[in-house]
Amino acid sequence: DAGITQSPRYKITETGRQVTLMCHQTWSHSYMFWYRQDLGHGLRLIYYSAAADITDKGEVPDGYVVSRSKTENFPLTLESATRSQTSVYFCASSEAGASYNEQFFGPGTRLTVL
Amino acid sequence: DAKTTQPNSMESNEEEPVHLPCNHSTISGTDYIHWYRQLPSQGPEYVIHGLTSNVNNRMASLAIAEDRKSSTLILHRATLRDAAVYYCIPPGPEVGADGLTFGKGTHLIIQP
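So the protein sequences, as listed, match chains A and B. Following my numbering, the numbering of the first sequence begins with 20 at its first residue and continues without gaps. Following my numbering, the numbering of the second sequence begins with 18 at its first residue and continues without gaps.
Bear in mind the hints are in silico, worked out from the structure with no lab data behind them. Check each hint, because a few of them may be wrong.
The calculated lysine to aspartate or glutamate pairs, modelled on EDC-like cross-linking and capped at a C-alpha distance of 16 Å, are [unchecked claim]:
(1) B:Lys121 to A:Asp57
(2) B:Lys20 to A:Glu78
(3) B:Lys86 to B:Asp48
(4) B:Lys20 to B:Asp48
(5) A:Lys30 to A:Glu98
(6) A:Lys89 to A:Asp72
All values reported here derive from a predicted model rather than from experimental measurement.
Using the sequences plus the hints, can you model the full thing?
What follows is the structure, encoded as structure tokens:
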């Protein structure tokens with residue numbers, strides 16, 4: 020399917036476990052992003068990637084790890100999940116930097132850490 | 018820092034125009050003003066963006082003040098499907114060069 024997809028859509032895990040959220044886009048966009056959205060708040064940028072093998076921190080990177088070995092995939096890993104990481108996670112992609120280009124968002128992954 | 022100020026919520030009637038204001042008094046001269054919206058239980062979607070002059074697309078119009086310290090998103094004829102949270106977003110250097118800074122946005126309620 021064309022577009023940007025995220026998996027899983029829902030995930031429940033326990034404190035201390037490792038969790039990986041997947042993001043896949045079919046447009047060959049250079050840029051990909053991970054945001055988190057907490058109840059009643061706007062989105063906050065976790066990490067972004069300008070191209071394969073290039074990643075950079077956003078506003079709230081602590082506790083997260085990303086990689087980008089292929090242009091179309093941008094997985095986000097919580098190495099040791101904490102309750103404060105309970106959130107909805109959105110992946111996005113764009114042809115170039117957000118300053119000038121539309122970002123396309125995935126449907127989100129709702130993560131609950133018990 | 019490019020910060021934005023939007024009303025927490027606004028209400029409008031179906032098939033009437035809606036004007037959503039945003040103040041961004043600290044915006045720099047090269048920052049584009051972006052608007053996104055988020056429908057319930059969905060990811061954000063792009064609405065429109067502009068730099069200095071007014072912009073139009075199939076979804077909305079964006080009116081930018083001459084001093085660029087404020088802008089207004091205009092939905093010409095609101096439908097029930099336009100009920101969403103609308104985010105006014107000027108990209109800023111504090112969130113990395115290429116990320117978007119989302120505030121709390123304006124919750125738009127459309128009455129039938």
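Right, here's what the structure says about each hint:
1. About 11 Å separates the Cα atoms of lysine 121 (chain B) and aspartate 57 (chain A), which keeps this hinted pair within 16 Å; it holds.
2. For the proposed pair lysine 20 (chain B) and glutamate 78 (chain A), the alpha carbon gap of about 15 Å is at most 16 Å, so the pair holds.
3. The suggested pairing of lysine 86 (chain B) with aspartate 48 (chain B) holds, with an alpha-carbon distance near 11 Å, which does not exceed 16 Å.
4. For the given pair, lysine 20 (chain B) sits about 12 Å from aspartate 48 (chain B) by alpha-carbon distance, which is consistent with the 16 Å threshold.
5. With a CA separation close to 15 Å, the supplied pair lysine 30 (chain A) and glutamate 98 (chain A) stays within the 16 Å bound.
6. About 8 Å separates the Cα atoms of lysine 89 (chain A) and aspartate 72 (chain A), which keeps this hinted pair within 16 Å; it holds.
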